Amino acid sequence: MRLLPILFLLLFVTPISAEERGRDCLACHQKDSANRQLLASDHAGKLGCADCHGADHVAIDQGKSHVSVDVCGRCHAQQLEEHRKSRHGMGLHAGWGCTRNEKGRDKQECTFCHQQGDSQPISTVQCARFITQTSEMGQIGCNRCHMIENSCGSCHGNHLTAAKIVQDPMVCAKCHMGPDHPQWEAWQTSQHGTLFQSLGMPDAPGCQTCHMPQGTHNVSGGLTAPPSGKPYAQLKAEEQRTKMLDLCQNCHARSFAARDLLNADAVRLQTLSLVDEARRIIRDLDDRGLLDPQPRNRVEHPQRGPELVLDGAMLYEDISHIESLFFRLNKYAAAKTFKGAYHQNPDYTHWYGNAEVKLLLNDIKGEANRLRERGVPVTISQEEPQYEMALEVLQRRHTRGELSAEDYAEKKRQVLELILQ
Amino acid sequence: MRLLPILFLLLFVTPISAEERGRDCLACHQKDSANRQLLASDHAGKLGCADCHGADHVAIDQGKSHVSVDVCGRCHAQQLEEHRKSRHGMGLHAGWGCTRNEKGRDKQECTFCHQQGDSQPISTVQCARFITQTSEMGQIGCNRCHMIENSCGSCHGNHLTAAKIVQDPMVCAKCHMGPDHPQWEAWQTSQHGTLFQSLGMPDAPGCQTCHMPQGTHNVSGGLTAPPSGKPYAQLKAEEQRTKMLDLCQNCHARSFAARDLLNADAVRLQTLSLVDEARRIIRDLDDRGLLDPQPRNRVEHPQRGPELVLDGAMLYEDISHIESLFFRLNKYAAAKTFKGAYHQNPDYTHWYGNAEVKLLLNDIKGEANRLRERGVPVTISQEEPQYEMALEVLQRRHTRGELSAEDYAEKKRQVLELILQ
Amino acid sequence: MRLLPILFLLLFVTPISAEERGRDCLACHQKDSANRQLLASDHAGKLGCADCHGADHVAIDQGKSHVSVDVCGRCHAQQLEEHRKSRHGMGLHAGWGCTRNEKGRDKQECTFCHQQGDSQPISTVQCARFITQTSEMGQIGCNRCHMIENSCGSCHGNHLTAAKIVQDPMVCAKCHMGPDHPQWEAWQTSQHGTLFQSLGMPDAPGCQTCHMPQGTHNVSGGLTAPPSGKPYAQLKAEEQRTKMLDLCQNCHARSFAARDLLNADAVRLQTLSLVDEARRIIRDLDDRGLLDPQPRNRVEHPQRGPELVLDGAMLYEDISHIESLFFRLNKYAAAKTFKGAYHQNPDYTHWYGNAEVKLLLNDIKGEANRLRERGVPVTISQEEPQYEMALEVLQRRHTRGELSAEDYAEKKRQVLELILQ
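Chains as they are written, first to last, in this note's numbering: chain A, 306 to 726; chain B, 306 to 726; chain C, 306 to 726.
Treat the hints as calculated values from the structure; they're not laboratory data. Please read these numbers as outputs of a predicted model, since none were measured by experiment. Don't take every hint at face value.
No copy labels: a pair is met if it fits in one copy or bridges any two.
Claimed, not checked - Computed cross-link-like contacts, DSSO-like style, restricted to lysine-lysine with a CA-CA straight-line distance of at most 30 Å: (1) 469 / 336; (2) 548 / 336; (3) 717 / 351.
I would like the entire structure built from these sequences, with the hints used as guidance.
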């Protein structure tokens with residue numbers, strides 16, 4: 306029994322064996338940045354190249370030998386467990402879809418979802434926006450962030466171990482930025498961010514202070530608004546809020562922080578209600594066949610077919626102009642409004658967010674007017690189809706759950722009465 | 306008489322009394338960030354919690370006991386006086402309107418405008434955009450910046466006194482950024498800003514170098530373009546320019562700096578003339594009843610009623626698409642053009658500013674064409690109303706001062722002649 | 306013969322003569338930042354004011370005595386030669402056009418293109434966007450970046466010589482930022498940029514690491530996508546790629562870096578193909594006379610006259626709404642997509658780039674539909690002009706090289722057959 310730890314030491318820890326195992330690599334890679342960084346890291350003398358990369362040089366050279374989180378998890382088991390419980394480890398395979406049958410796909414992508422030699426995918430969640438991209442855009446534009454699920458190097462760098470890197474909010478900025486979720490930008494110019502940049506820790510919080518307390522790798526603690534857009538159940542939401550306030554209290558009166566986050570909650574709901582207003586306008590146009598082009602006359606949605614999609618699976622391509630405006634309102638401006646609010650940033654909340662949501666709502670209403678006027682000549686000239694459309698719209702709204710059985714029956718009765726007049 | 310200063314010392318300065326007065330608070334707040342920061346600050350041993358926050362713990366806990374600029378002014382009288390003379394202290398209550406009668410308002414906002422126990426507001430200036438927001442958006446999106454009028458902590462941090470914080474341009478970035486006035490972004494990537502970030506002071510200027518010379522808290526010295534959009538009188542403008550050039554001269558030949566600022570003046574006027582071109586197009590559409598929807602058919606402006614508003618009180622919500630384009634042109638792109646120019650930033654002046662102004666002007670002209678064509682069928686089919694409209698448009702332009710009495714009479718005569726033909 | 310170097314020393318290098326020559330200036334400029342910086346620089350005691358600025362104080366004061374690259378080249382010949390071979394020194398006079406005959410131009414601009422006393426311009430390349438600007442916008446918005454061709458001070462600062470300035474990516478940010486080429490922003494939040502900001506050199510690369518290896522002033526080594534939009538010949542492109550990979554290899558496996566850049570190449574081509582799709586839609590509308598307004602009814606292009614211009618000489622002013630959308634797609638969003646990809650930035654590649662290209666393509670298609678529908682009543686009511694237009698469109702496409710002689714003949718035959726039916 307006492308031999309086991311010794312064997313372990315021989316296998317993983319003793320400098321000699323590491324050098325031995327790395328010997329073949331170093332013949333060529335001695336001067337590489339990878340080797341230089343490894344030797345300057347906490348892994349120096351403990352790990353050799355093959356320990357993480359394996360020994361199949363052909364595979365490595367073709368990029369087919371990805372160092373997965375499991376490789377790091379061999380030694381860093383707790384961190385891997387926390388990572389897997391968080392959005393970094395769970396929800397982010399939302400970025401993946403099986404692309405086996407997509408034209409022009411590169412098979413080397415397989416290992417992102419499948420363990421080698423196992424056809425069972427780690428995840429079945431698919432992202433319509435990923436599926437519609439070219440392989441190269443998918444790799445640069447999607448995978449480079451979403452690969453965090455299976456790559457510790459996303460944050461830590463591939464051969465570095467300096468804590469400085471992962472304690473710097475810049476490491477988060479790589480992905481948590483841009484039109485759809487500018488968390489870094491919102492933090493950077495908030496009271497928290499500006500103080501952090503003047504004074505540094507511990508006088509002001511960086512990303513890690515609030516989202517990775519005590520160095521946990523579960524980055525999702527304290528978040529009450531899940532990425533799906535659907536709220537947590539009341540109990541879960543309260544638990545999460547309590548976790549966050551426990552952190553706020555390190556610097557602020559709990560009552561002050563609670564008020565602030567409640568304000569952000571309200572801003573989130575108010576914003577989602579504006580998003581819903583815009584969504585209803587477009588859905589109604591679709592119900593009446595007034596979109597230009599109509600969903601049935603364009604490239605099909607890869608998952609839903611010839612249907613209007615305005616939820617999380619919405620695409621930004623092959624849609625009509627009014628949907629294009631909605632995409633910007635929902636995915637960009639609304640997200641900025643409430644992410645800005647939760648990060649205490651007035652300009653993201655108000656100008657990049659709220660003002661843009663409302664400006665785009667004007668634009669959507671104007672375009673909806675145009676589409677309705679454009680549609681009128683068709684329906685006015687043939688009186689009966691108008692009633693048929695009214696009945697169809699009512700039925701669709703009932704099917705979507707927007708009209709109760711009673712309301713549907715009553716409204717249907719009214720329309721039929723008009724026809725029989 | 307000699308007792309007074311001694312009493313003052315006993316009350317405010319001696320370490321013992323401060324601790325005594327803070328004793329009740331520290332029982333709970335000893336480990337708070339606020340206390341930690343206070344003890345590390347220049348106020349340590351001089352001020353206790355109750356000196357600034359008062360002793361009404363219930364009020365403090367409910368956020369009703371805001372530490373106003375008057376509290377700080379007890380010791381920092383000169384800074385308060387300078388602050389009040391500047392835009393930070395004067396014009397910024399533009400961000401406030403009395404919200405007493407707005408639905409769902411929180412009464413705790415009152416102390417931002419009213420001294421406690423005094424119904425007379427400090428200011429009567431109102432901001433239409435603030436009034437139309439929800440209470441929560443107003444607090445996060447508006448007040449967090451505009452509260453600077455009554456909060457030294459906006460810049461200094463609430464319990465910190467480190468000069469480092471307020472000498473860092475990041476402290477200004479919190480508010481002076483974003484689509485409507487990206488002063489920080491424009492400075493950051495200007496010759497001044499990039500050198501500052503490489504070399505730091507005194508080789509390159511930060512915000513404070515030019516806008517707070519010798520540490521003055523009057524941040525408005527040297528500004529020739531007031532926020533109202535209306536220019537200063539000639540004499541005042543010259544005085545202000547002289548102040549700025551005196552500062553420029555610390556680094557630059559005065560003639561060089563003067564030329565540079567004159568160029569920016571010209572860019573500002575050229576840009577405002579493009580804004581006016583766009584404004585005239587939309588006003589003319591409104592005169593002819595061609596906006597969609599027309600002001601009388603939508604939510605009223607809270608201050609002006611069912612009227613087209615294209616000036617500083619313009620809203621970004623419940624307006625037509627063409628006004629939405631104008632808002633972006635005027636409030637965002639035009640502001641970037643000349644603020645970019647005054648901060649010597651080529652990309653903000655040209656691409657974020659000038660190019661966007663002109664692109665939006667194309668869009669406005671295109672939409673105006675569409676609205677005119679849309680309106681034509683109505684007026685062409687009934688010949689006389691066209692003349693009536695022409696007469697009404699002339700009258701409105703005369704009322705707005707765009708047509709002199711003579712020109713109005715002459716043009717009216719021409720239209721009447723056409724009718725009588 | 307041996308006297309020459311000594312004369313040179315006397316003239317340029319000995320401290321005494323420098324002070325002597327600067328004496329007249331220092332009487333007034335002793336306390337100037339310029340003098341302070343000069344004395345702290347490597348030029349201290351070696352160069353006096355007049356050595357660079359000349360002795361004509363009137364000209365200097367009027368800004369007519371620009372310190373050209375030739376002045377610096379007297380001592381820094383190799384750097385000047387490298388600079389002139391690069392885009393900084395060659396292609397950037399694209400920013401200039403002879404403005405002699407433009408109304409309101411300031412003659413002091415002449416020396417940017419002409420050596421003093423020489424009417425032959427250094428360059429004849431002209432930029433339509435520059436020509437259409439006011440003199441002041443041209444100076445602030447265009448020249449402040451494009452003057453790099455003739456100004457070492459653009460990067461080095463005018464009187465500073467600290468290497469720190471020009472090794473900092475911020476020095477590049479001044480120009481390489483913004484909606485049209487956000488290289489700095491893309492780098493800043495890439496893996497490279499974020500590591501650079503945490504660890505600094507040499508653990509992560511800044512702009513200079515890859516674009517100015519060994520301090521070369523030819524910044525264009527390794528670039529395979531020239532600014533003109535037209536690709537390099539195969540051989541040249543391969544040479545350039547080899548140069549870049551030699552640099553990548555300092556840190557990365559060559560095979561990894563090569564794959565990454567090939568992906569970016571693919572993204573660039575895919576993006577340019579979307580740009581072409583949009584361009585064809587608008588060109589077709591123009592062929593059919595459906596643009597609103599048509600090119601012949603608006604301000605003429607300064608170089609091409611009353612013609613639709615959608616290439617590198619495209620203006621952003623006095624164009625129709627659909628062209629306005631195309632300008633944003635082509636000049637902003639497409640550029641972000643592939644510059645983002647080459648700088649390994651997922652958010653610029655995907656969200657600021659690809660998603661925006663595709664959203665704008667929706668908008669362009671929607672507007673094209675509207676313009677086609679708007680145009681239909683005119684052509685449907687007169688049947689024959691439709692055929693005439695079809696023939697004209699075919700001819701234009703043939704002239705542009707989009708239709709071979711055979712295809713043109715065949716399609717023409719088909720149309721004529723329809724007419725004769």
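How would you label the pair residue 548, residue 336 (within, between, both, or neither) given a Cα cut-off of 30 Å?
Classified as between; 19 Å across copies, 47 Å inside a copy.
Pop the pair residue 717 and residue 351 into one bin, within, between, both or neither, using alpha-carbon distances up to 30 Å.
Classified as neither: same-chain Cα gap 75 Å, cross-chain 76 Å, threshold 30 Å.
Check residue 469 against residue 336 for me: Cα-Cα at most 30 Å, and say if that holds within a copy, between copies, both or neither.
Both, since 24 Å and 27 Å are each at most 30 Å.
The structure fails to meet hint 3 from the earlier list, while all remaining hints are met.
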